[in-house]
Structure formats: C-alpha cells, structure tokens
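Trainee: Given next are the chains, with one letter for each unit.
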Amino acid sequence: MPDVQALVNDFVLKLKRRKIEGSHASARHTAELLRSVISQQRMPHTNQAGALIDAVKAVGEQLIAANPVELAVGNIVRRVLHIIREEDLSSTATAIEGLGLSAGSDDDDEGQHVDHPALSAAALAAAARSTLRAPSLQTLLEDIPRSAVTPQPPSSGGDSEGKSKSADKNLRSRKLKHDVIEAINELIQDIDTCHEQVSEQAVEHIHQNEVILTFGRSRTVKEFLCAAKEKNRSFRVFVAEGAPRYQGHVLAKELVGKGIQTTVITDSAVFAMISRVNMVIVGAHAIMANGGVIAPVGINMVALAAQRHAVPFVVVAGSHKLCPLYPHNPEVLLNDLKSPSDLLDFGEFSDCMDFGSHGGSPLLHVVNPAFDYVPPKLVSLFITDTGGHNPSYVYRLIADYYSADDLVVKRRSTS
Amino acid sequence: MQNEGTSKPQKQKTSKAERRAIQEAQRAAKAAAKEAGGVKPSASSGGAVPALKQGKVAKPSSQRKDGPQVTAPVTSSEKKVVDRLPEKDRKKDVPHPRMQFDDKHRVEKAKRRAVVNQSEARSRVELFRHLPQYIRGTQLPDLESKFFQLDPIHPSVYKVGLQYLSGDISGGNARCIAMLLAFKEAIKDYSTPPEKALVRDLTAKIGSYVSFFIECRPLSISMGNAIKFLKSRIAKLPHTLSESEAKSSLQSDIDRFINEKIVIADKVIVRHAVTKIRDGDVLLTYGSSSVVEMIFLYALELGKHFRVVVVDSRPKLDGQALLCRLVAKGLNCTYTHINAISYIMHEVTRVFLGASSVLSNGTVYSRVGTACVAMAAHAFQVPVLVCCEAYKFHERVQLDSICSNELGDPDVISKVPGWKDLNHLDNWADNENLQLLNLTYDATPSDYVSMIITDYGMLPPTSVPVLVREYRREHLWI
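Protein chains in written order, with my numbering: chain A, 11 to 425; chain B, 3 to 480.
What the hints contain is simulated information worked out from the structure, not anything from laboratory work. Where a beta carbon is used, it is the ideal one built from N, C-alpha and C, also for glycine. Any given hint could be a false lead.
Computed list of lysine-lysine pairs in PhoX-like fashion (alpha-carbon distance at most 25 Å, straight line) [said to hold, decoys possible]:
(1) K268(A) to K241(A)
(2) K417(B) to K263(A)
(3) K420(A) to K26(A)
(4) K232(A) to K268(A)
(5) K306(B) to K32(B)
(6) K417(B) to K232(A)
(7) K417(B) to K268(A)
(8) K417(B) to K348(A)
Computed spacing ranges between beta-carbons, pair by pair [stated by the list, open to error]:
(9) G357(A) to S246(B): 44 to 54 Å
(10) E358(A) to G169(B): 41 to 51 Å
(11) H132(B) to G398(A): 52 to 62 Å
(12) R229(A) to G305(B): 48 to 58 Å
(13) D170(B) to V79(A): 23 to 33 Å
(14) D170(B) to Y403(A): 24 to 34 Å
(15) Q148(A) to H348(B): 48 to 58 Å
(16) S465(B) to A320(A): 27 to 37 Å
Turn these sequences into a full structure, and let the hints guide you.
Mentor: Structure (structure tokens):
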C-alpha cells in the first residue's frame with residue numbers, strides 16, 4: 011500500500027506542475043497507476059466491487075483535483091470505474107445463472123440463507139441487465155441449454171456446498187481483480203494504438219490533389235496525414251503555426267520529412283487561405299459530451315472560417331479524449347491562462363503590468379489562454395479509433411464507455 | 003440614370019465633333035513639341051488630352067513598372083475636358099488589369115528597366131505565382147551603395163524608397179504622406195530641360211519615381227490614388243503659367259491634398275467615431291491603425307470611460323507599438339494575440355478597425371488577420387466599425403485575398419524573436435517541399451462590417467461604390 015501511495019503522490023505532483031503534458035501521456039500514466047492501485051488493493055469478502063470502486067475513486071479524486079483541465083485523467087478514472095462495474099456485473103451474472111438452478115434444489119439447506127440477500131441484489135441487477143440487453147434469438151436459445159447442461163458444484167449437497175461456496179467466492183474475487191486488470195491492460199493497449207486505428211481511416215477521407223489545412227501540431231493529425239501519404243495520395247498541407255507555442259513549425263518539419271508538400275502560414279492568414287482549402291483536419295484536447303471540442307487556442311477561429319467557406323471541419327482524436335462531462339462555461343472553467351511572457355517582452359511593459367503599483371489595478375492585462383471551445387455545430391466529423399461519428403452521436407459513445415454513477419468522482423464518505 | 007436614353011444620340015454626335023477637334027489640337031501640339039524625344043506620342047498629346055485619359059493611364063500604376071507610358075491602345079474615347087464623363091467613356095472605365103508576375107515576358111522587360119536589383123525567390127507558393135516575391139536582405143545594401151550614382155532619382159525620393167524597403171515607414175497614411183512630401187521636394191528642385199514641355203517631362207519623371215517606389219515595395223492603394231491625383235493636377239496645369247508658378251501651384255496642391263484628404267479627414271472621422279463610444283465600453287482593435295489610435299485618444303480626452311483590447315499577430319507585431327502609446331496616455335488596456343479572439347470577444351462591445359482601402363464591392367482590404375477578427379466579432383454579434391479616409395477608396399473589386407496581395411519576407415516566419423531554440427525551420431529554403439508564406443493583406447467580406455466611418459460620414463459598406471463614382475473625379479481629389 012505505501013508504495014502505491016508514493017506513486018500516487020508522485021503523479022499528482024507531476025500533474026500539478028504540468029510536467030506531464032498531453033492527453034496521451036496523462037491517460038497512459040493514469041491507467042498504469044490505477045492498475046497498480048487495484049492490484050495492490052486488499053479485497054474484502056463481500057462487495058469486492060464496491061471496495062475497488064472506493065479505492066479508485068479515492069485516488070481518482072486526487073488526480074482530477076491536481077489538474078482539472080487535463081480531462082484525460084478524469085476520463086481514464088471513469089473508464090476504470092466503469093470497467094469494474096461491468097466486470098462485476100458480468101461475473102455475478104454468470105454466477106447467477108449457475109446458482110439460479112441450484113437455489114431451487116437446495117432450498118432446505120440452512121447454510122444458504124446468509125448468501126441469499128447478497129445474491130438477490132446481484133440477481134436483481136443481473137436480471138435488470140439482461141432485460142436491458144435486447145433479446146436476440148441466439149441469447150434466448152443459448153440460455154436454456156446452458157442452464158440445463160452445466161452442472162454446477164453447488165448442486166452437490168451438504169457441507170461441501172458451503173465450502174465450495176466460499177471457495178467459489180474467493181475464486182470470484184480473485185477473478186474479479188484479474189478481469190479488471192485484464193480490462194485495464196486492454197485499455198492501455200487501446201490508448202497506445204489509437205493513432206494507428208485513426209490513421210487507418212485516412213485513406214477514406216483524403217483523395218488525390220487535396221489541399222488540407224491544419225493548425226498547430228497534433229500527433230494524431232501527423233500520423234493521419236502520413237498514413238495517407240504512404241498510400242500514395244498526393245495532397246498539399248497548409249500548416250498554421252499556432253502561436254504562441256509555434257508547434258506548427260515542428261509539424262511542418264515532420265511532414266516535409268515524409269515528403270508531403272507543406273506551406274507554413276501565420277495564424278492571421280487562416281481566413282485568407284481557407285477559401286482554397288478542401289478540408290480542415292485538427293486534433294483536440296478533449297471531446298465533451300455534447301459534441302463540443304476543447305482544442306488548442308485559435309481553433310475556434312479556424313472552425314468559424316471553415317463554416318463560412320463551407321469547408322469540412324474534421325476533428326481526429328483517440329477515444330481516451332472522450333469526456334462524459336457537459337461543458338458549462340468552458341472558456342473560463344476548462345481553460346488555462348498562461349504566462350504573458352509568451353506575448354510581451356517584460357522589459358518595456360513590466361511597470362504597467364505590476365499589480366503592486368496603481369493601487370492593485372494595473373493598466374495593462376495580458377491574456378494568454380491555452381484552450382478554445384468549439385461548439386458542436388461547427389464540427390463536421392469526429393474520427394476516433396472506433397470510426398467516424400457525428401457530433402450528435404457522441405453521447406451514445408459515452409454511454410458505452412462510462413457509467414452514469416461516475417460523473418462526479420467523489421469518495422462516498424463512510425456514514 | 004433617366005437621361006441616358008434620351009441624350010445618347012446627342013452625346014454620340016458631339017463626341018464625333020469633339021474627336022475631330024481633339025485631333026486637330028493634337029496635330030498642333032505635335033507640331034509645337036516635335037522635339038520631345040523619348041516620350042511616346044500615344045501617352046502625351048499635350049494639354050489637349052483631358053485629365054481623365056491621364057487618369058486612366060495612371061490607374062494601373064500601382065503594379066506596373068512601365069510608368070505612365072501606357073502600352074494599352076487608346077480607344078476612340080478621346081474627349082474634351084468635360085466635367086461629367088459622357089456615357090461611352092464611363093463604360094470603358096473598367097480598371098486596367100494590373101501587372102501579373104507569372105507573365106515571363108513582362109517580368110523580363112520590367113527587370114531590365116529596374117533600378118533595384120532583385121532576384122526572385124527560389125521556392126514560391128504556387129498559388130501566388132502572379133505576385134512578385136524577391137529574396138530579401140540584398141536590396142538595401144545594394145541601394146545604399148548606389149546612393150551617389152543615381153542621378154535620375156531625387157535624393158528625397160531615394161530616401162523614402164529606402165525607408166519603405168526597410169519597413170521604417172508603414173501604414174497607409176504614413177506612406178502616402180511621405181511619398182507626397184518627397185514629390186514636393188522633387189518638384190521644388192525640378193527644372194524643365196530645354197525644348198521639353200513641363201507637363202510631359204514632369205509626368206515622366208514622376209512616373210520614374212513611382213517605378214522606383216514600386217521596386218522598393220509595392221504601392222498601397224492610398225499611394226496609388228495620390229499618384230493619380232498628382233498626375234491629374236500636372237496634366238490640368240494651364241499652359242500660360244511659367245515654370246515657377248506651375249511648380250508652386252503643384253506644391254500647394256500637394257499640401258492641400260495632404261491637409262484635406264488626410265489630416266482634416268482624420269479629424270472628421272474621429273469626431274464621428276467618438277459618438278459611437280459610450281461609457282463602460284470595451285473596444286477592440288487589431289494591429290496598429292493611426293485613425294483608431296486618434297479615436298481612442300480623443301475619446302479619452304472627452305472623458306469617456308472605456309477599456310481597450312489590442313489584438314496583435316505575427317510577424318509584424320505592430321500592436322505592441324500601439325499598446326505602448328495607449329498605456330503611456332493612461333488608457334486601460336488588454337493585450338492578446340489573434341488566436342485568443344474567441345476567448346476575449348465575450349467581453350467586447352465594439353470593434354474598431356482601420357483599413358488600407360475599401361473596394362467597390364464593400365470588401366475591406368487591410369492588414370492580414372482583420373478578416374479573422376471581423377468574423378469572430380460577427381459570430382459574437384459585436385458591431386464592427388471600419389474607419390477609413392475617403393481617398394483610400396478604389397473602384398476595383400476583389401472577392402478573396404489571393405487574387406491581389408503583397409508577399410512579405412518569408413524568413414520572418416521561421417525566426418521567432420525571443421525564442422532562440424525555435425529553429426525547426428532553419429534552412430527551409432533548401433527543402434523543396436517546404437514553403438513559407440507571409441501575406442501582408444487580406445480581404446474582409448462586406449457582410450462582416452457593420453459600418454464604415456469616413457470623412458463623408460458614416461455609411462454602410464454598400465455605399466462605397468456610390469462614393470467612388472460620385473465624388474471621384476471632382477471632390478475626392480480636389
């Protein structure tokens with residue numbers, strides 16, 4: 011336990027100091043950290059899932075509070091919670107099916123009563139779940155033989171039942187942890203391979219002699235364009251430099267290295283050039299539940315220009331960037347204001363910006379936000395590792411990955 | 003519009019008679035000035051040729067290197083000097099197409115006549131092949147070395163040209179005033195060579211100065227209009243004046259132009275504009291415009307309480323100079339870069355923009371990035387007010403920023419001042435796949451502009467062609 015806490019503290023510190031940048035790195039670290047937390051968690055006899063959820067929530071709360079703007083961290087925490095709930099449900103569902111037939115035959119055995127309340131709750135949950143799942147002919151036909159054929163250990167009578175029950179529970183608890191950790195490993199793998207999966211769709215969207223505009227630098231966009239280039243599509247790219255970080259320069263160098271015809275333009279020239287552009291492809295920092303996008307600053311301007319010229323505005327992002335929160339006042343609440351030194355040299359203007367003089371209200375304020383919010387109506391398409399989606403479809407993706415109970419990651423106070 | 007149909011036949015009859023009269027006057031003028039060498043007869047038919055023809059010839063001076071020697075064949079629209087253009091000529095009043103730099107033959111011809119040695123840049127953006135792009139950094143030392151050898155160019159003209167080349171003077175009004183003052187000096191020192199007519203020779207000289215300016219930096223539209231004015235004044239000089247009288251008349255004309263069209267016009271614009279500023283306003287401006295700065299300072303003097311947001315962009319970063327001056331006067335300012343306009347536009351109540359020119363379809367032609375600011379303001383329902391003097395209006399039309407623009411120095415994009423480790427784009431010229439594009443102007447569509455404030459009043463963008471047409475010949479330039 012103590013070394014897990016040390017890991018958590020270390021990560022929290024890195025997040026607070028913005029040492030970890032980028033949703034990919036943050037997501038990966040979070041997933042690995044939660045995996046360690048879960049594997050070291052001691053499991054009680056009853057309600058293992060609840061214990062796991064509590065532990066993850068406790069850690070997750072700290073991580074989210076360290077950097078609330080880095081939404082990928084919260085996304086992964088909620089994904090893990092959803093995984094735990096899902097695995098729990100699926101394991102109790104299989105256990106129910108096995109025990110369901112034995113419950114009828116062993117009514118007279120007294121040792122069962124202790125387990126019944128717990129079982130009944132799980133049974134209810136499982137039953138509710140199976141009714142939610144649309145019945146198909148296959149499930150209907152499969153259910154009957156399965157419950158008829160498989161002989162469960164509990165059907166053998168007496169004391170051995172009680173023992174096998176507890177053995178079963180231990181099996182189940184270990185199995186739960188094991189399943190959860192396996193699922194988290196899959197999640198980590200998904201995070202790692204999201205770029206490849208997004209890039210596979212590049213060929214469908216980029217044809218010959220296209221002119222593409224992009225803004226700043228996104229690794230996903232870079233791999234997207236390079237994948238299209240490898241399939242020998244000829245196209246040109248305009249890269250807007252993306253002040254004040256000028257990451258567009260880096261992207262231009264990388265694209266040129268792959269042999270793509272690139273032109274670097276200033277951000278102010280975006281409106282001027284967009285009339286000759288076929289498609290705008292940008293990356294995102296996060297995709298919100300309403301289909302809105304939190305993106306590096308300046309992309310809203312590009313989106314407005316694209317709308318004016320009827321140019322498709324495509325956002326490419328891995329699914330770990332999908333956030334189940336609704337953006338309320340995103341310009342203020344989901345934004346980072348950075349140092350003015352990026353924009354102004356302190357030499358000339360330092361006395362104007364001094365909060366000490368002028369009675370606490372200086373003459374000059376410098377505003378340097380890091381993020382921009384793009385409303386869903388400006389986005390034409392999201393390309394994620396699960397395929398292409400409309401902004402209006404995002405809420406369904408969220409239902410797949412997240413549970414409604416996890417929106418607010420707060421450890422329930424023990425009452 | 004109504005008398006068009008009825009007066010058409012009459013106008014055509016008089017035009018024929020007028021043409022005969024013009025031809026006779028031409029013959030007489032030719033006989034009188036047959037010694038005029040080196041001047042093509044097509045362009046200069048003495049004082050008989052009306053100002054409007056000179057005007058038409060000088061119109062494309064903004065991008066042509068041939069100066070006033072027009073090569074376009076003159077149509078049969080020679081008219082007497084009339085106050086109002088007859089129908090025929092008005093229809094042929096389409097602005098002459100500018101010099102396109104993808105025409106190799108014309109480019110070669112222009113190069114041979116050039117004063118400044120320019121070598122074309124190696125890697126050019128395909129989309130902009132019709133605009134000139136030269137390798138920077140070699141011209142200034144070259145010109146400086148030639149300073150004492152350039153007889154035909156007057157020293158003050160040379161000085162202003164160098165200032166354009168280095169970027170010391172920028173901004174439509176500043177460049178225009180500098181150019182006109184240089185011309186005033188040149189006219190003061192001018193003396194007619196023997197056996198040459200003042201009008202023709204002076205026009206040719208002015209033309210050569212203009213070519214020099216174009217080589218230093220392509221003309222802005224304000225400069226083009228001022229040159230048109232000057233040439234029309236020269237052409238309208240009565241023959242009875244002596245040389246010194248003519249020169250002093252021209253100098254006073256130039257003074258009057260600067261005073262009326264720029265200085266007083268700015269004052270009128272400022273008076274109009276401050277009525278649109280209320281207490282508690284948050285005003286946004288982009289880049290550095292002289293008129294907008296005057297508006298803010300005047301409103302401050304009047305005691306209004308408002309805040310200013312200065313939006314700036316690379317590579318010129320001219321908002322910083324404006325910021326300096328505003329903060330020095332005690333104005334409460336916010337400074338940001340153009341990417342953050344969506345963030346800051348929530349607080350803004352009005353947007354004031356300057357313009358290099360307003361074109362006849364209502365498009366505002368100004369510093370690159372203005373269109374983005376106007377678009378964002380439109381998206382957030384913030385009114386956009388463009389402040390532009392009437393002499394900057396032009397009858398050209400333009401739909402986008404590609405057909406006509408000015409290409410700046412691309413090296414400025416790769417070098418970011420203050421960021422020494424940002425060297426990803428060093429040696430960009432070696433890579434044939436990589437190009438850098440530095441646009442200077444862009445065209446803002448008219449539906450983003452709420453109002454244009456000029457010295458003729460506050461008008462919607464759709465009224466600009468009316469102003470150009472009605473006031474152009476007489477009032478705009480006199």
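Trainee: Each hint needs a verdict: does it hold in this structure or not?
Mentor: Now the hints, each set against the structure:
| no. | hint | verdict |
| --- | --- | --- |
| 1 | K268(A) to K241(A) | 12 Å, holds |
| 2 | K417(B) to K263(A) | 14 Å, holds |
| 3 | K420(A) to K26(A) | 19 Å, holds |
| 4 | K232(A) to K268(A) | 10 Å, holds |
| 5 | K306(B) to K32(B) | 64 Å, violated |
| 6 | K417(B) to K232(A) | 23 Å, holds |
| 7 | K417(B) to K268(A) | 23 Å, holds |
| 8 | K417(B) to K348(A) | 22 Å, holds |
| 9 | G357(A) to S246(B): 44 to 54 Å | 53 Å, holds |
| 10 | E358(A) to G169(B): 41 to 51 Å | 20 Å, violated |
| 11 | H132(B) to G398(A): 52 to 62 Å | 38 Å, violated |
| 12 | R229(A) to G305(B): 48 to 58 Å | 54 Å, holds |
| 13 | D170(B) to V79(A): 23 to 33 Å | 43 Å, violated |
| 14 | D170(B) to Y403(A): 24 to 34 Å | 56 Å, violated |
| 15 | Q148(A) to H348(B): 48 to 58 Å | 54 Å, holds |
| 16 | S465(B) to A320(A): 27 to 37 Å | 29 Å, holds |
In the structure shown, a violation is registered for the earlier hints numbered 5, 10, 11, 13, 14, in ascending order.
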